[in-house]
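Visitor: Could you build all of it, start to finish, from the sequences and the hints given here?
Residue numbers (our numbering), protein chains in the order written: chain A, 1 to 79; chain L, 101 to 179.
The set of hints was computed from the structure by calculation and includes no laboratory data.
Just to be clear, a hint being listed does not mean it is correct.
Said to hold, decoys possible - Computed cross-link-like contacts, DSS-like style, restricted to lysine-lysine with a CA-CA straight-line distance of at most 27 Å: (1) L:Lys-132 <-> L:Lys-146; (2) L:Lys-124 <-> A:Lys-32; (3) L:Lys-124 <-> A:Lys-46; (4) A:Lys-32 <-> L:Lys-158; (5) A:Lys-63 <-> L:Lys-125; (6) L:Lys-158 <-> A:Lys-24; (7) A:Lys-25 <-> A:Lys-39; (8) L:Lys-125 <-> A:Lys-46; (9) L:Lys-132 <-> A:Lys-24; (10) L:Lys-156 <-> A:Lys-24; (11) A:Lys-56 <-> A:Lys-39; (12) L:Lys-125 <-> A:Lys-39; (13) L:Lys-146 <-> L:Lys-124; (14) A:Lys-25 <-> L:Lys-158; (15) L:Lys-132 <-> L:Lys-158; (16) A:Lys-25 <-> A:Lys-56; (17) L:Lys-146 <-> L:Lys-163; (18) A:Lys-25 <-> L:Lys-139; (19) L:Lys-146 <-> L:Lys-125; (20) A:Lys-25 <-> L:Lys-132; (21) A:Lys-58 <-> L:Lys-132; (22) L:Lys-139 <-> L:Lys-156; (23) A:Lys-25 <-> L:Lys-163.
Stated by the list, open to error - Facing chain L, according to a computed beta carbon distance under 8 Å, are these residues of chain A, among others: (24) Leu-20; (25) Ile-27; (26) Asp-30; (27) Val-34; (28) Met-48.
C-beta atoms are modelled at their ideal positions from N, C-alpha and C, and glycine is treated no differently.
There are 2 protein chains.
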Amino acid sequence: MADQAADERLRLLIERIERLEEEKKGIGDDIKDVYLEAKSAGYDPKAMRQVIRIRKMKPDDRKEMEAILDVYLTALGIA
Amino acid sequence: MADQAADERLRLLIERIERLEEEKKGIGDDIKDVYLEAKSAGYDPKAMRQVIRIRKMKPDDRKEMEAILDVYLTALGIA
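Guide: Here you go:
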């Protein structure tokens with residue numbers, strides 16, 4: 001690849017990533033807006049995040065995680 | 101709000117967030133793909149990430165960051 005063509009290719013790759021990062025940031029902002037909307041409707045955002053984390057897990061993984069969590073909390077005397 | 105309507109509203113909010121998280125993840129995957137493409141074209145992804153970080157900064161902020169970095173590297177004897 002000629003130097004100039006390589007430079008141009010690099011520029012285009014960088015710009016593609018920057019555009020995608022912008023889009024990703026935009027969606028992140030949309031997510032924040034939904035949490036804000038939920039909060040002003042009286043829902044607890046922290047509990048909602050926990051719900052979303054749990055819905056992502058397989059039932060077995062969730063049971064395992066809860067069992068481990070229980071052991072740790074007991075170990076730390078906060079069960 | 102009746103309980104059922106509140107439950108439905110919560111469900112819709114959660115589902116909106118889940119859809120947006122999916123989209124965000126998809127864009128994250130697209131970004132990874134561009135880095136992979138760049139890598140197979142011979143570019144160094146780590147240096148590209150650094151370029152993108154630098155392009156995001158104002159020139160003054162960049163100078164300041166570099167000055168501080170220099171102080172830290174000297175302090176740790178790796179300058």
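Visitor: Would you pick out the hints that fail for this structure and give their numbers low to high?
Guide: none
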